[in-house]
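> Chains as they are written, first to last, in numbering that gives the first Met the number 0: chain A, 0 to 155; chain B, 0 to 374; chain C, 0 to 346.
A portion of the hints provided could be inaccurate.
[To be verified] List time: in silico DSBU-like cross-link candidates among lysine-lysine, alpha-carbon distance up to 30 Å:
#, chain 1, residue 1, chain 2, residue 2
1, B, 218, A, 5
2, C, 120, B, 125
3, A, 37, A, 5
4, B, 119, C, 187
Honestly, the hints are just simulated from the structure, not real lab data. Computed from a predicted structure; not experimentally measured.
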Amino acid sequence: MNNTRKWVFRGFTLLVVLAIGAVMFVIGRGHTVYIDNKTLEYNGETYEALQRSEVYVGGERLSKLAKRERTMSTVIGQSFEMKLINTANKGDEPTEVTVKLTLPYGWDGIVVNIPGYLAGLPQDAWMTEFVSAPEPESEEEEEPGAFEDEIPMGDI
Amino acid sequence: MNLKPQGAGKSILNILRNNTVPIMFIIICSICIPISGFSPAYLLNEILTRLGRNAFLILSLLIPIMAGMGLNFGMTLGAMAGELALIFVSDWQIWGIPGVILAMIVSVPFSVVLGFICGKLLNMAKGREMITSYIISFFINGVYQLIVLYLMGSLIPIKHSSIKLPRGYGIRNTVSLLNMRQCIDNLLAIRIGGVKIPALTLLIIALMCLLIVWFRRTKLGQDMRAVGQDMQVARDAGIQVERTRIISIIISTVLAGFGMILYLQNIGNLSTYSAHSQVGMFCIAALLVGGASVDHASIGNVFLGAVLFHLMFIVAPQAGAKITGDSMIGEYFRVFVSYGVITMALIMYEMKKRRQKASIGEQLALAQREGSRHE
Amino acid sequence: MKEKLSSFVASFGLPRLIISAFLLALFILAPIVGVDLPMQITNVINRFSWNAVLVLAMVPMVHSGCGLNFGLPLGIISGLLGATLSLEFGFTGPMSFVMAALISTPFALILGSGYGWLLNKIKGGEMMIATYVGFSSVSFMCMMWLLLPYHKADMVWGLAGKGLRTTISLEGYYDKVLSRFLQINIGKISIPVGALLLFALLATAMWAFLHTKTGTAMTAVGSNPVFAKAAGIHVDRIRMLSVVMSTWLAAIGILVYEQGFGFIQLYMAPFYMALPAVSAILIGGATVNKATIMNVILGTFLFQGIVTMTPTVMNSVIHTDMSEVVRVIASQGMILYALTRKTEVTR
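With the hints as extra help, turn the sequences into a complete structure.
Next comes the structure, spelled out in structure tokens:
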């Protein structure tokens, strides 16, 4: 009896720990969001870049984007919120937009195109995965490995 | 009337004798601090940072000492488990505090397996646990290199090329932990003047201390102390000595893994092949500086040791450079002091053990003589 | 048949068997994958000649029951003091080797007796304390190499004019003096007869010593200290003698190593030098309390064989250099095996 209870308790603890781990997997996933103010071509239509777009994330101004400019922000978790203050053409009254996005879990880097988003296009038009250019192969990187040479000195 | 001052003098002498190492360190530090010319605010800041990042690691040494297994040089195993977990977590791109928590969870199975192996081997080498655990740490380091340098990326899936070597398998010399750098230290951090107090980290350490105090009172904790006192007596009392010893090493390894993760989140990057190599030695030295010995260590020793040892660590190079004009002298000096302290502690422990053995032998001989007289 | 095999494995030791089989496989593989075998054999023999004396230094302390001498760096430091002083005093050529050996002797005697005295105070905990005595002395000497008043231009840092360099070239001093002495070349294989002769001399002397009255007393102290004491042997004095011998052999051993290697390595270099020597003698079949000259020869050969052969053979088979990992796992595994053998725990 006592033994069964012990095992039930252990199983329960294990489940709780695994559950915490699973939750961490979801809420801790980090993403880098790249915000573009670029002219977008979609289904033959052209969506012009804005004259100016100020990007606020978490109440702080990240950047002031002119045409063809990009800024980036990091976020932990899949919900990303930013505020844009847009000036479409020179002399226009600025408009304020709050953008709430749900980011795809599997993407490390995500590119968001502002003109496409503002035009109300389907998501796959203005949200794309960021693929970094392959690093130039550097053969110089020394073979790691540390045994006898690794003298216990230095700081801690 | 006359006895009283004499008694007091004796007790002061006793205090001095029992705390030779801490007192020596206080003297070294009080000489070096003015010479080094560091400001008190800077020193306080440094000490708090280092306390936050090292205290948990040092705490992991307490339980094997309680179980009579000496200084656990095998805590390096836990550090390696923590590093493995961090490599995985940074490949999965889990950032911030969730990343730290997930790394801790992932490190547990590695730590348990390594701790179990270590405990099993130490049971086969009773009486020379320390040298054996020391060699185990080297051996497992070899296995760790095999896994991280050859199997990761080839057999064990690693997705991101940013942590892989250009050749396609094996992990780079450094893995960036920028996305979880100081996430725990900065949350709830209190800033007074120029001094940053990592409140949450210190809170976690305080909780760990409470947990250790509680653990000592549990049945398992009592068993461990009994095993530490005398294995034969404990066995006669029905305690499973081998099992208890293995558990104490497993606990120590798991805690060392957590400690290493906390340590690395403060540093902000992981030196894949060397981060663990010094951890054991420095933590053991710090604990001993706090006045602990091979068979006795308290939580107080951990904190006193961490503060004094790191104070010495900060000021020695600067003071050495000012005195001799050579910056290397101070660095060598602090390495020498670290090893010297461990050597002294080991010698004192073995001498005490021999004295005790001799006095037990004498008592036995006396008892025998008494016995034969009665016949 | 099966029983016979298993009893053979038990007496020989599984790790030792694996390591020997591994080396055998390397030797067989080498010509197949196109490795220059004669050169490899030359390398193995050369490295054997460099290291054998350091491994021999393990023998006396194992015999007297002091366990494996993890404190080898202490002896190495005596050797380094001898070497640097010999150079500082201006000796060159083969003479500098002889003088280095002579100068290092008093240091080895003094440090060795202090070390022996200490180990007599802490019987039972020798190996751990030996390790840390080695570490502390190496780190202490790091400061000394900087502070001692050496002035010879090719030994000190050029800019400061003081403080010894981390590596000192022995060219013009005793670089390869033993290896070149009576060197024999058979085809592509060259044998450093001089170095091997010195080892043979020391090993024979050790063998002879172990058969003298004092030598047998040493073995008696190691195998049964209580009995030895009852038989009227001064246990502490014999142990002290063994430690001094071991320290002196380590001092000579590092000089032999340097003449082969061509450089004096100072500062943290001696730090881990005990570990290869310890694992070599264990691979050769020694245990924590038993070691013979044969163990030294076999062990040094096997260990150095693996160290030299693995990188080249591995490289040509799988195109990666896994030799470091193999070496660490094999050598540390061997020490671990020796430390955890049940039969040896009782002492």
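> Please go over all the hints and tell whether each is borne out by the structure.
Hints versus structure:
With a CA separation close to 15 Å, the supplied pair residue 218 (chain B) and residue 5 (chain A) stays within the 30 Å bound. Of the pairs offered as hints, the one joining residue 120 (chain C) and residue 125 (chain B) holds, with about 21 Å between alpha carbons and a cut-off of 30 Å not exceeded. A distance of roughly 62 Å separates the Cα atoms of residue 37 (chain A) and residue 5 (chain A); the hinted pair therefore is violated under the 30 Å criterion. Restraint check for residue 119 (chain B) and residue 187 (chain C): not satisfied, since their Cα atoms lie roughly 49 Å apart, outside the 30 Å limit.
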